[in-house]
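Chemist: Here is how the chains run, residue by residue.
There are 2 protein chains.
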Amino acid sequence: MKKKVTNSSARKRYSILVSNDDGIDAPGIYALVQELKKIAQVTVVAPDKQQSAVGHAITMNYPLRVKEYSKNGNFWGYAVQGTPADCVKIAVRALLKRKPDLIVSGINHGSNTAISVIYSGTVSAATEGVVLGIPSIAISLTTYKPSPDFSYAAQIARKLSLLVLKNGLPRRTLLNVNVPAIPRKQIKGIRITQQGKSVWNDVFDRRCDPGGIDYYWLTGDLENIDKDLKYDEAAVRNGYVSITPIHYDLTDYAMYEELQSWDINSLK
Amino acid sequence: MKKKVTNSSARKRYSILVSNDDGIDAPGIYALVQELKKIAQVTVVAPDKQQSAVGHAITMNYPLRVKEYSKNGNFWGYAVQGTPADCVKIAVRALLKRKPDLIVSGINHGSNTAISVIYSGTVSAATEGVVLGIPSIAISLTTYKPSPDFSYAAQIARKLSLLVLKNGLPRRTLLNVNVPAIPRKQIKGIRITQQGKSVWNDVFDRRCDPGGIDYYWLTGDLENIDKDLKYDEAAVRNGYVSITPIHYDLTDYAMYEELQSWDINSLK
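From first to last, the protein sequence lines stand for chains B and R. Every number in our numbering is 12 more than the matching position in the first sequence, counting from 1. Every number in our numbering is 12 more than the matching position in the second sequence, counting from 1.
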């Protein structure tokens, strides 16, 4: 890197690291940065290309390359040949001079609710942030239509960032935000939610290539079994912005107790 | 697929799907299959190459290809050009005639404890199993030395599989097993554990390629802060086989309650 790139005008109080999984050239991250620049010095470190559904992948078997990137004269950042989690790791451990006050990942083009949370690159960037001890937010706009309007979701991100900077978050917890892609006046409100139980009905579309070899495309849709508005997917389907506090302690404590009664020593 | 490949001799009672993240040609999956064949009909669907640290990545932007694979006349399976989660999805949704009774992922060459659980492809294959409603086990041998002896870990996998087939597991819970790479008589016992809090001290080794361009290698080591034997990493370091029940409900319920007191409606 020859010089430090920045999205700050001057004398900004907070520093925010922005990443995503749709790639540094995605409109969602551009809209997010324009809003966050109003309240903070913003540094962008994001994948150089689309990385959806990469989960919490990290790159260990290949080296990472980093390139400066700019757009429209008002968006600068580092494009990384890697995953969202790679971007946050390399930003905090190697590229930034000091730890950012906050990490915001997004704005994802598509929802990250229910089971999708575990596949989400957007969420994994924020998870990596809290692993590194930095309060983090993941934000998604719940539509797959091309060219959606990210402006309301970006405003939510800015306001929630200020709340988090003021209130803090527990050491290992991030906020996963999903914003319905509907006109602002149709938004019914903001709900604190739980990760829903809905899963994907995976369908593998089997085809045959011109050489006669089979291949499979993964497709399918979300089997929405969550009707209660306390769940993320139900909240957004009903016109609410959903905010779910999530963490990465995967221990099932109820089963931890129950397993003590199993005849575990017979395994030895 | 022209014919159904199988690792069964005959009239086996249970069906077990085996996957991993080290790739279908890894010695750990070979050792696992030889043991599990003693108690069940075993089908192997595993990545065609090494997929460590891919987290819960799934492949949606590329088609998946599947090839039959065999080794030594006593190991057959399907090699998938995809991630561990892809393998389990395509096995259950497209390749297998009926749902397996159990999924076992491993034996991973290297530990999957503490923070590594969220990066682990081995664990993600088992997680995908429980997402699909199938009891699942992930198993790892905690050494990075070349050519370790997988036989004791394979026996643990067989015995634990029988216990799980007998007792069942809760709907969304899997068992994450880590076996110390020490002689069997030095194993102190089996412990039910919680996911530890240790994290990686990431170091990015910055280098310059022959063309004068910087690149970065991710390296570092686990900062072991878990001393209590109730944690996975502490248990294996002290000579115990560790069994951690984990799930994928990432909701932080304590923070869910606390967030209700935040001025959330100011965001709207």
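Just so you know, the hints here were simulated from the structure itself, not pulled from any lab data. Any given hint could turn out to be false.
Pairs involving identical chains hold if they fit within one copy or between any two copies, as the list cannot separate such chains.
As the list claims (entries may be wrong) - DSS-like mimics (lysine-lysine), calculated; alpha carbons at most 27 Å apart, straight line:
id, residue 1, residue 2
1, 200, 50
2, 50, 83
3, 171, 79
Chemist: Please go over all the hints and tell whether each is borne out by the structure.
Modeler: Cross-check of the supplied hints:
For a Cα distance limit of 27 Å, the shortest separation of residue 200 from residue 50 inside one copy, 26 Å, qualifies, whereas the shortest one across copies, 58 Å, does not. Taking CA atoms no more than 27 Å apart as the test, residue 50 paired with residue 83 passes inside one copy only; the shortest distance there is 18 Å, against 61 Å between copies. Taking the shortest Cα distances, residue 171 and residue 79 never come within 27 Å of each other, neither inside one copy (30 Å) nor across copies (51 Å).
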